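Student: Protein chains in written order, with our numbering: chain A, 1 to 752; chain B, 1 to 164.
No lab work stands behind these hints, which were simulated from the structure alone. Everything numeric in this text was worked out from a predicted model, so none of it was measured. Please note: incorrect hints may appear among the correct ones.
With a Cα cut of at most 35 Å, we get these calculated DSBU-like pairs of lysine-lysine [said to hold, decoys possible]:
id, chain 1, residue 1, chain 2, residue 2
1, B, Lys82, A, Lys274
2, A, Lys174, A, Lys159
3, A, Lys82, A, Lys183
4, A, Lys307, A, Lys159
5, A, Lys148, A, Lys82
6, A, Lys308, A, Lys405
7, B, Lys82, A, Lys59
8, B, Lys82, A, Lys7
9, A, Lys388, A, Lys307
Among chain B residues calculated to face chain A with C-beta under 8 Å, some are [stated by the list, open to error]:
id, residue
10, Phe17
11, Leu18
12, Pro21
13, Asp46
14, Cys47
15, Met64
16, Leu65
17, Cys104
18, Thr105
19, Leu116
20, Ser120
21, Ala132
22, Leu135
23, Val145
Every residue, glycine too, gets a C-beta built ideally from N, C-alpha and C.
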Amino acid sequence: MNVVDNKWIGQRTIRPDGVDKVTGRAAFAADTTMPGMIWGKVLRSPHPHARIRSINTAKAEALPGVKAVVTSRDVVDFTIEKGAVMLGIQDMRWMCRNVMARDKALFPGHPVAAVAATTEAIAAEACRLIEVDYEVLPWAIEIDDALKDGAPILHEWHKVDGKPSNIMARIESKKGDIAQGFKDAEIVIERSFTTRPVHQGYIEPHACLISVAADGKTTIWSSSQGQFMVRAMTSMLTGIPQSDIRAIPAEIGGGFGGKTIVYLEPLATLLARKSGRPVKMVMTREEVMRATGPTSGSKSTVRIGAKKDGTIVAAHGAFYLQAGAFPGSPIRGAVGCSFAPYDIPHVLSEGFDVCCNRSKVAAYRAPGAPIGAYAVECVLDELAERLKMDPLELRLKNAARQGTKAAHGPVFPRIGYIETLEVAKNHPHYSAPLGKLQGRGVASGFWFNAGGESSAQVNITEDGNVVVTTGHPDIGGSRAGIANICAELLGIDYNRVSVIIGDTQTVGFSNLTGGSRVLFASSMVVTQAADKVIATLRERAAKVWEIDPEAVKWENGAAHPVSPNAGEFKPLTLADLAEKAPSQGGPIGASVQLNTQGAEGGFGTHICDVEVDVELGIVRVIRYTAVQDVGRAVHPSYVEGQLQGGVAQGIGWALNEEYIYNKDGKVDNPGFLDYRMPVCSDLPMIDCALVEVPNPKHPQGVKGVGEVPLVPVMAAVANAVHNALGHRFYSLPMSPPKVSAELDAPVQQAAE
Amino acid sequence: MAKLHVSTIVNGEPMEFLCEPYETMLDALRGQLGLTGSKEGCSSGDCGACSITVDGRLVCSCLMLAVEAEGHEIRTIEGMAKGGRLHPLQQKFLEHAALQCGICTSGMLVASEALLARNSNPTEEEVRFWLAGNLCRCTGYDKIVRAVMETAAEMRQVILEARP
Ligand code: FES
Ligand code: FES
Chain A
1 MNVVDNKWIG QRTIRPDGVD KVTGRAAFAA DTTMPGMIWG KVLRSPHPHA
51 RIRSINTAKA EALPGVKAVV TSRDVVDFTI EKGAVMLGIQ DMRWMCRNVM
101 ARDKALFPGH PVAAVAATTE AIAAEACRLI EVDYEVLPWA IEIDDALKDG
151 APILHEWHKV DGKPSNIMAR IESKKGDIAQ GFKDAEIVIE RSFTTRPVHQ
201 GYIEPHACLI SVAADGKTTI WSSSQGQFMV RAMTSMLTGI PQSDIRAIPA
251 EIGGGFGGKT IVYLEPLATL LARKSGRPVK MVMTREEVMR ATGPTSGSKS
301 TVRIGAKKDG TIVAAHGAFY LQAGAFPGSP IRGAVGCSFA PYDIPHVLSE
351 GFDVCCNRSK VAAYRAPGAP IGAYAVECVL DELAERLKMD PLELRLKNAA
401 RQGTKAAHGP VFPRIGYIET LEVAKNHPHY SAPLGKLQGR GVASGFWFNA
451 GGESSAQVNI TEDGNVVVTT GHPDIGGSRA GIANICAELL GIDYNRVSVI
501 IGDTQTVGFS NLTGGSRVLF ASSMVVTQAA DKVIATLRER AAKVWEIDPE
551 AVKWENGAAH PVSPNAGEFK PLTLADLAEK APSQGGPIGA SVQLNTQGAE
601 GGFGTHICDV EVDVELGIVR VIRYTAVQDV GRAVHPSYVE GQLQGGVAQG
651 IGWALNEEYI YNKDGKVDNP GFLDYRMPVC SDLPMIDCAL VEVPNPKHPQ
701 GVKGVGEVPL VPVMAAVANA VHNALGHRFY SLPMSPPKVS AELDAPVQQA
751 AE
Chain B
1 MAKLHVSTIV NGEPMEFLCE PYETMLDALR GQLGLTGSKE GCSSGDCGAC
51 SITVDGRLVC SCLMLAVEAE GHEIRTIEGM AKGGRLHPLQ QKFLEHAALQ
101 CGICTSGMLV ASEALLARNS NPTEEEVRFW LAGNLCRCTG YDKIVRAVME
151 TAAEMRQVIL EARP
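If we strip away everything but chain B, and leave its shape as in the complex, we get (with noise of 0.2 Å):
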């Protein structure tokens, strides 16, 4: 069968691939796009490790098809720090060490910052709760909740004292 064309913006950049019909949209990051940084853990949704957001949604991207990207945006792990700048998750998640192996991290804090962009100041049971679709065997979680509310403080903060 013929190979289907995609159109799609990655991490704010216009990018075309061609893809098989049965491909996930992990497989094409991973593969034709060269973005390594979204894991394969289970490919069933299971994970998380290959969590991405689109259109500011978050995905497991093993259960997306790539040509589902078609017109939407993606955004992935290797789009988070800006012009060589670590987002606050990424500099906290070091501060606190959130993470031991690496494997989950990429997807932890992609799934952290769409937690953020909706509620700026969730409990912890609200942290829990939203990354429970993240799974991490290395850290107990402790030091990734700590460090996901201390930005969502931190994050709070800067936007207050950026008020007039």
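Looking at chain A on its own, in the form it has when it is part of the complex (with noise of 0.2 Å):
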């Protein structure tokens, strides 16, 4: 397709929700109630590590105003002999586990119990009312402790080598032989990082109102990635079948990735069944901060050999990642999306999933992807630095294209990773004076990106306008950008088009708002609707000319005769068309079903500068330029908004955010004061290149943008403070506290 005359597709179109959610109409989960509704509560385990010997609810059924107490008894157990049950990427084993704890509190803030009450202060006097027997047992967050020799095992049933182990599962991508690798190369550097968990920062907290109807038709509005993953994990664990479960998904108020596993509304829904009234949760900021998210911190060693000419010929890396208390830490992004900007003929990359008393990681924003990047980014900073090239050319040295072979698998096709460099290298941003205190780093980042299963209608109203209805929540703006391609494929004005998300029974079934693919996969199932439209309007239109369809074009909003040759007839337009539509055939419409293919990765390439106040330790990100490969822009104002959000999330996961942990193993940060997310006042603009390299597999050319410019961050932030201040900070956060030390260090070594 054309993809620079369009008239919509490129377009900064005001947004179909814009209206209602600068005005407070919108309806997020929290924002719906129901008469009769009663409010639910969670009881938690106070302990990292804890047997539950035994639960006493008697107390707080008692209590006047309480209506249903559940306990892991109700949920429906996946027995961990049976082995798996996956849905998606997930275990029911451990998610049943991570709703409701069955014979072990793993982590503070586990799920022990649930209460509904006719208010929220009753709900929670009854959870206090809850008499749990715990045995309390060593606990271990860190990796390092979860890895040692006696370490406190989550999984007793788990082994390795025999032995219990904390280390779940290791896969590895691998390409040549790196031992051959090394041998070739003639400069050899090898470091190790670690990460702290950060959480995906949602400004919108957990929240559902579920109400069972006596016949067990349940009706489930909440906020999350996918409403069909709600009702798929809430139906397997209370045992009601998916057919009965209607889950209407609610604006959601950021994801991010940790809205793509349920926490309340199987809950709910328990409560809900029991109690016969609605049931509403609504998890409050340090629920959210305990309980839910993040993803994981690491521990990374990379070793890298190259030529002196800079020809990179051998990569090592070990990327050790906390899973919190179930199996299941991003490792897949870490090993895969590292190495893959590279041309490398040795490759092995490792990853090592391990438990640990903390909340159950969720997906952030391309999973584990930037702890990778942000090892193996910062030592080719230092290769760069050894060889005396210039880093960016270091990197278009050795720049994956069009047939390499990536370590992970696939040989790519025509990708934009090169060209993000040279546009980097090329802006005036790279070649800026830097004053006193300050530096500038530049790091590259991949991801995936994904397609899979997606549906959608497309139907045209009996007034001749259209509505489109798609499967997939929208986060950050895909409504306007499905609404920008319908447009344009059927050539009629963009405030004709509606477009809004079905809930699961009404449209078909659509998998989670994830992995970038939203606007791949739901553009590719809606141009085919598109298509199957335009042949029934010229279907009709012939039959109204009585000629033949072929010789019927569609082509600005109406039907023509292709050529004067199939006669002369005034254009028959969409309004038309619809007009005559109940004389003709009935409705038109048509939905499309998908599992979509042909999701290619991307890339990124950030320019980073910072200022140090050495006094205070203050990093500051002074100026901030991404460029990206996005193959088609639909909509560049969201397309810039991705990269502007996920930059921000990164330079907070750079220099501010970490859980920090007490003695007792808990979290003691657990609200937005002490969990410094970046704020207004923290942040310069963020310039943003956009590199247009359309997806042949895809009809517009749409690649995912929405995971990649959170890859390269905290390398590029990174980079800058070494370029800086010529000191390696090999741990994230760079927190003040944490550069004032490293900054007084080497002085007080001098004084003594």
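Both chains come to you apart, so use the hints to assemble them.
Tutor: As structure tokens, then:
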């Protein structure tokens, strides 16, 4: 498809859900109420690790106003012996134990019971009346503590070499022979890095409202990254068939991966079923911080070998990621993405999934990839320095391109990585002068992107306008992108297209909003549906004109004869044909369901300038440019928004965000005051340079764009700090206390 | 304990409600008054999603008791568009794509309006520091800051043009 002369694709249109969101009308999960509604609350374990000997709920049940109490006895058990039951990437054995602890509580905040009562205050009081007999066990939170000999074991049934272990899985990507590769190398650099777990930080806490009728018919209003995931998980954990659960997607107040699993919905469903009343549950910020997300903390060692001319010949990465209470840390992202931007003959990339006593990790924007890229891109920076090469030149020399075989498997088609490096190199930012205590860093990043199941309906209204229904929650403006594409294809004004997100019982199965897949997948199905609609419209016009449908073309929102040979007819518009529809075969519309294929990976290259206040240890990002191959910017403003938002999150991860544990193994900073995400005054404007190398496997050239922009950030910031100070930090965050301590260290030594 | 009776003015309209003594203004707005445009992101004054004005002063409604509304004038996001016409800030936020998920947007708009009411010509730094109490995790703030500054410029222009 021609990506240049489009009328709507590439336009900065006003998003369909915009007015609702600037006027307060948009309904997020916590905004809905129902007559007769009661409130649910969760009782959570205060211990990082404890066997649950017994739970006595009698006193809570006797409290006036309490309508239902549930414990793990009410949740469908997926026993460990029976083996994995997968729903997407989630194993239901862990999901059932994560929503409600069974034999053991594995982190502070782990649910052990839930109560529904007429007021929130009564529900909270009832939670205090539940008696839980805990056998407190030793615990391990940090990776080193979980791996050392004699470490407390979270899942005793799991053994490595016959011994119980917290290493739940090991995966690798391999290419060539690294032993040979390192033999060929003239320079080898090996470094180890750590990162702290960080939370996705969505501003909307998890919330739901659930009603279960006497016949079991269940309605769920909740905010998630997938109403179908909510339906499936709730069904599996409560035993209610999917056909009886209508999951309605509320507007979602941010997710970033953190809302790809359920926490509250199964509990609220059980409480609603038991009490016969609609149940609302809303997490507090503290519950969000203690019991949801985050992404893994990590320990990585990266070794890179190169020739003196800068040709990289071998690379080895070992990435240990904290999974939290249950297996499933994003090792695939760390292992697969970290070396993907480079054409390296010998690669071994290994990932280790380590359980520990903190909340189970959830996906976070390019899960695992930023952790791996931080280590690899910092080592490359050192390599460039040692070789006295420009860091972008080093990357250009080794860049993956069309035909490169990545260690994680695929042979790249036409990709835009080199273009991002060229644009960065020629960007005025890259050559701008720097002041005292200022530094500049660059880094690149890759994310797989994803396709998968998607469904959509395109219906022509009786008055000749268009309603598109898709099945993916819209977090960042996907409705606007779909409306642009649909207006383009049908040749009508953007404002005549209405895009809505259907619930589970009104639109076909659509997989999660995640993996940067939504616009890729949904525009593919919408394109096919629009093509079908256009075929119908041409047939209808052909009927009216009594000519062959082949002799009718669709252009500018109307049917026309393909040429004067076909006859002279006045064009029939969408409105004309909609009006004639009842007498000509009925309603006009099409629905398409696909397992979409052809999502190609995305690449980005970032330039970051920092200034370091050496007195206070404060690192400030003073200029930032994100360059990314975005395939096709269907709605450039929302593409830029993805880049800017991802960069801001990365700056937080690099400079401030971390969980702080107290001596009891509890998170000491479960709120926005002490878990310090970037605020408006922390950041500069974030410049974006969009490189458009269309995805050859997509009708509009679309590539996922949402996740790549987080991948390079921590390395870009770290490299800039090194450039400013001549001192490299090997652990994140580079927060003021840590920077001060490191800067003070040599001075102290000198004084001694 | 008996509920307390509160008379107040919300978005220009006199309103009465009953509340518990410990209830916050945000609870009252979102609960009994049915004004769910103000959001709860933290209930500790750290995110600004619940921003309202009380007699023109910018306040986190999660930090204010509902009874404190007695006799005062409250404005919320629901009162910002006048007679179906968007406020220039609302319009600019849409044009600049200054929102992604939209959960912070009500608070951002209320806070921005309060800024422009006292400073019609803010610098970028002034905008950034004024909005430092309003968290947005989606946008990186870039488009929000631009939208606020451009609205300010346009509103100044309108005032200039209205002069004889
Ligand atoms: S909810 Fe009031 S500041 Fe966050
Ligand atoms: S738009 Fe999502 S938090 Fe601001």
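Student: Quick check: which numbered hints come out false for this structure?
Tutor: 1, 3, 4, 7, 10, 11, 12, 15, 16, 19, 20
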